[in-house]
Amino acid sequence: MMVSKLSITLLALAALTTVAQAQEKAADIIARGEYLARAGDCTACHTAPEGRLFAGGRAMPTPFGTLYTSNITPDPETGIGKWSADDFYKTMHSGRFPDGGLIYPAMPFASYTKVTRADSDAIFAYLRSIAPVNQKNKPHELRFPYDNRQLILGWRTLFFSEGEFKPDPKKSAEWNRGAYLVEGLGHCGMCHSPINALGGTSQSDAFKGGLIPMQNWYAPSLTSNREAGLGDWSIKDITDLLQTGVSMRGVVYGPMAEVVHNSLQYLNDEDTKAMAVYLKGIAEPSPPPAPSSALPTTESSLLISLGKTVYDKNCASCHGTQGEGKPPHWPPLANNQSIEMQSAVNPIRMVLNGGYPPGTKGNPMPYGMPPFAGLLSDNEVAAVVSYIRTAWGNRGTPVSARDANELRSAPLN
Amino acid sequence: MFARAAAFAVVMITLAAFDGAAAQTANQPPDTMAARVEACTPCHGNKGEGTSDVYFPRLAGKPAGYLYNQLLAFRSGRRKYPPMNYLLEFLPDPYLEAMAEYFASEHPPLPQPAPSEVSKDLLAQGELLATSGDAGRNIPACVSCHGPGLTGMQPGIPGLLGLRAAYVSAQLGAWRYGTRTAKSPDCMQLVAGHLTEADVTAVAAWLATRPAPANPAPVPKGTYALPFGCGSQPN
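Taken in order, these protein sequences are the chains called X and F.
Here the first sequence is numbered in our numbering, starting from 30 and rising by one per residue.
Here the second sequence is numbered in our numbering, starting from 7 and rising by one per residue.
If we strip away everything but chain X, and leave its shape as in the complex, we get (with noise of 0.2 angstroms):
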């Protein structure tokens, strides 16, 4: 008697310290859905301004036309309420709803298709987990012939493979971790990388920069060292560039700042390493450095004189007089890829309007650079980036007051 009561007790106990462990269990695998959704930056894209967390409804400007982003809140009505492990898996992998219908691919699932089976799952369990709303989606506005979703079709034969990241057996497992991140929850190709006229990346072009429709800002190209490539930058450079916003090489402003203060800035050490490892490792050996090929027309020796004015006046103070800032926080522009880049839109328009770097826990009141727009006329703008541009050792080619001017009315948000 006495036995089988101690056994019943014990195995109470036993059955008590099982459901607590698979709580605890389901607790962990929901923090990891959360960390994982931070990674795949979901908030930016899946909350409208002052709009409740994952209910949707943010417009997405394309090219197309205007996409409003779907509630993703577990509302069994308006949101994934209904929704199985399968069926969110499927959306993540193959870019179809549950029902088979087709997903517009601004929605990164050529990338998202690279993530496993267990981290789908944690993310799911986390959107499982949050308040719901109740919040209809918004119909989107694509223009005709944009409207018909069976065009999808064809994107889909053109620029997407299904199929989830296969690790690299020759390469270290950070180095295959990065590659997962960057690759697919980390959806960075979608804008370091060329975008054609049907909105695709074909895979050679993979993280070759590009000009990000619409918004006007150029994501440089990842794998070059002219541009972002980030060969010659040390572990700690990248990672203080992931995580904080600034770093000693350069700082992050625009559609780059965004992802730094949703998501990259809540990455643990390990992964921003990760990160960092990878993306060094795909930098293409650099062609050696152009020839002075850019030497200076007439009209560019007085575009950069006059520049040499306007940077002394207005710039010095916080850039130095060679360029060389005051990092991590008042960047330097000498040696700095992004000012030597071929594409100009993103000096021009740091003259223009000026920015911020994103606030972050490693960076919570960063400093910002004035816009100039109101300041200094097109020939000045165009003057003084010329200037930056093939000053101290820069590379860079001069601008004209022409391109300064259409980036005037460039859209700021």
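Misleading hints may appear alongside valid ones.
[To be verified] Stretches of chain X that chain F covers, calculated by requiring three or more beta carbons in the stretch to come under 8 angstroms of a beta carbon on chain F:
1. 285-299
2. 355-364
3. 379-393
4. 401-407
[Unchecked claim] In the DSS-like style, the derived pairs of lysine-lysine whose C-alpha atoms are separated by at most 27 angstroms in a straight line are:
5. F:Lys-189 <-> F:Lys-86
6. X:Lys-119 <-> X:Lys-195
7. X:Lys-302 <-> X:Lys-390
8. F:Lys-189 <-> X:Lys-167
9. X:Lys-390 <-> X:Lys-355
10. X:Lys-265 <-> X:Lys-302
11. F:Lys-227 <-> F:Lys-189
12. X:Lys-111 <-> X:Lys-54
13. X:Lys-167 <-> F:Lys-86
14. X:Lys-165 <-> F:Lys-189
15. X:Lys-237 <-> X:Lys-195
16. X:Lys-199 <-> X:Lys-237
17. X:Lys-165 <-> F:Lys-86
18. F:Lys-53 <-> X:Lys-342
19. F:Lys-53 <-> X:Lys-355
20. X:Lys-200 <-> X:Lys-237
21. F:Lys-86 <-> F:Lys-53
22. X:Lys-309 <-> X:Lys-355
[As the list claims (entries may be wrong)] Residues of chain F placed beyond 10 angstroms of chain X at every Cβ, according to the derived structure:
23. Pro-115
24. Ser-122
25. Gln-131
26. Leu-134
27. Asp-140
28. Gly-142
29. Asn-144
30. Gly-155
31. Gly-184
32. Thr-185
33. His-200
34. Glu-203
35. Phe-234
Everything labelled a hint here was simulated from the structure, so no lab data went into it.
Only a predicted model underlies this, so the values are computations on that prediction, with no experimental measurement involved.
We treat Cβ as the ideally placed atom computed from N, Cα and C, and that holds for glycine.
Starting from the known structure of chain X, fit chain F onto it as the hints suggest.
Same frame as chain X, now just chain F:
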């Protein structure tokens, strides 16, 4: 001999490292709010006193709560002005609070009022609306919320002095058309909805002619009761 050389080398390296650290500290931007808000100053002035551009308002000395609410509204895009929306988009709440405190605590002198270009009759109409309102048309006097001296009330009601007519008129217009909104109940939207274009011109012009008062500071919270509900400053 060898040992001495090695020790010497260690000292040299230590000194070099120390020099490097010192140089780096010296070569950093000043750790001040003034340096951090330099992105604001081409439009709003070094101390938030305003600039020659009539469309950019003075910030200095306004209640910090009011400035903070505006920063939040610009960051979310609820108050629309793309250059401001863009600058603030990725800045955290505590930093916006610090910026608001910074400009609230600056007290550069108010500018001399500019001579008005509108008629005496219109100015008189503006004065009447600002100081007495028009009960028949449900228009409260400006002074009933913005204070007898029009210097505002802590923490959320802004002063109306030191602003140019063009700016005040543009803001009243923005409220009338719904492009500027505040927390519900949006009292200014209600008030502006009752104003005609002539009222707007008159009030904006009269406010711009007001000289600086002896004490331009906003009055403390609770100095007087607001005549109706206001989301930005719950009674």
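Here is what the structure says about each hint:
Counting residues of the segment 285-299 of chain X whose CB falls under 8 angstroms from any CB of chain F gives 4; the rule of at least 3 is met. Using a Cβ-Cβ cut-off of 8 angstroms, 3 residues of the segment 355-364 of chain X lie near chain F, which meets the minimum of three, so the contact claim holds. Note: the segment 379-393 of chain X has 8 residues with beta-carbon separation from chain F under 8 angstroms; the three-residue rule is met and the coverage holds. For the segment 401-407 of chain X, the stated coverage by chain F is satisfied: 4 residues place a CB nearer than 8 angstroms to a CB of that chain, which reaches the threshold of 3.
Distance check on the hinted pair: Lys-189 of chain F and Lys-86 of chain F sit about 15 angstroms apart at the alpha-carbon level, within 27 angstroms; holds. Distance check on the hinted pair: Lys-119 of chain X and Lys-195 of chain X sit about 18 angstroms apart at the alpha-carbon level, within 27 angstroms; holds. Proposed proximity of Lys-302 of chain X and Lys-390 of chain X is supported: the alpha carbons are some 17 angstroms apart, at most 27 angstroms. For the given pair, Lys-189 of chain F sits about 24 angstroms from Lys-167 of chain X by alpha-carbon distance, which is consistent with the 27 angstroms threshold.
Distance hint between Lys-390 of chain X and Lys-355 of chain X is fulfilled; the C-alpha atoms sit about 21 angstroms from each other, no more than 27 angstroms. In summary, the hint linking Lys-265 of chain X to Lys-302 of chain X is supported, as the alpha carbons are separated by about 8 angstroms, within the 27 angstroms threshold. For the given pair, Lys-227 of chain F sits about 18 angstroms from Lys-189 of chain F by alpha-carbon distance, which is consistent with the 27 angstroms threshold. Between Lys-111 of chain X and Lys-54 of chain X the alpha-carbon distance is near 23 angstroms, which keeps this suggested pair within the 27 angstroms criterion.
Simply put, Lys-167 of chain X and Lys-86 of chain F have alpha-carbon atoms about 22 angstroms apart, close enough for the 27 angstroms limit, and the pair holds. The hinted pair formed by Lys-165 of chain X and Lys-189 of chain F meets the criterion: a straight-line CA distance of about 24 angstroms does not exceed 27 angstroms. A threshold of 27 angstroms between alpha carbons decides the hint, and for Lys-237 of chain X with Lys-195 of chain X the separation of about 21 angstroms falls inside it, so the pair holds. For the proposed pair Lys-199 of chain X and Lys-237 of chain X, the alpha carbon gap of about 24 angstroms is at most 27 angstroms, so the pair holds.
A threshold of 27 angstroms between alpha carbons decides the hint, and for Lys-165 of chain X with Lys-86 of chain F the separation of about 25 angstroms falls inside it, so the pair holds. Our distance criterion of 27 angstroms between C-alpha atoms is met by Lys-53 of chain F and Lys-342 of chain X, whose separation comes to about 20 angstroms. The hinted pair formed by Lys-53 of chain F and Lys-355 of chain X meets the criterion: a straight-line CA distance of about 23 angstroms does not exceed 27 angstroms. A C-alpha spacing of about 22 angstroms is found between Lys-200 of chain X and Lys-237 of chain X, which places the hinted pair at or below 27 angstroms, so the restraint holds.
Of the pairs offered as hints, the one joining Lys-86 of chain F and Lys-53 of chain F holds, with about 23 angstroms between alpha carbons and a cut-off of 27 angstroms not exceeded. For the hint linking Lys-309 of chain X to Lys-355 of chain X, the alpha-carbon distance of about 24 angstroms falls within 27 angstroms, and the restraint holds. Once the 10 angstroms rule is applied to beta carbons, Pro-115 of chain F is consistent with being away from chain X; the minimum gap is 23 angstroms. At the 10 angstroms boundary, the C-beta of Ser-122 of chain F stays outside the reach of chain X, the nearest C-beta of that chain being 26 angstroms off.
For Gln-131 of chain F, the condition that its CB be more than 10 angstroms from all CB atoms of chain X holds, with the nearest at approximately 33 angstroms. Every CB of chain X lies more than 10 angstroms from the CB of Leu-134 of chain F, the least distance being 36 angstroms, so the non-interface label holds. Residue placement check: Asp-140 of chain F keeps its beta carbon more than 10 angstroms from all beta carbons of chain X (closest about 34 angstroms). With a closest Cβ-Cβ approach of about 37 angstroms to chain X, Gly-142 of chain F is found to remain outside the 10 angstroms limit, as its non-interface label requires.
Its beta-carbon lying about 29 angstroms from the closest one in chain X, Asn-144 of chain F satisfies the requirement of being farther than 10 angstroms from that chain. With a closest Cβ-Cβ approach of about 32 angstroms to chain X, Gly-155 of chain F is found to remain outside the 10 angstroms limit, as its non-interface label requires. A cut-off of 10 angstroms between C-beta atoms confirms that Gly-184 of chain F is not in contact with chain X; the least separation is 16 angstroms. Against the 10 angstroms criterion, Thr-185 of chain F stays outside the reach of chain X, whose nearest CB is about 15 angstroms from its own CB.
The Cβ of His-200 of chain F lies farther than 10 angstroms from every Cβ of chain X, with a closest approach of about 27 angstroms, so its non-interface assignment holds. Residue placement check: Glu-203 of chain F keeps its beta carbon more than 10 angstroms from all beta carbons of chain X (closest about 27 angstroms). The claim that Phe-234 of chain F is not at the interface with chain X holds, since no C-beta of that chain comes within 10 angstroms of its own (minimum 24 angstroms).
Of the numbered hints listed earlier, not one is contradicted by the structure.
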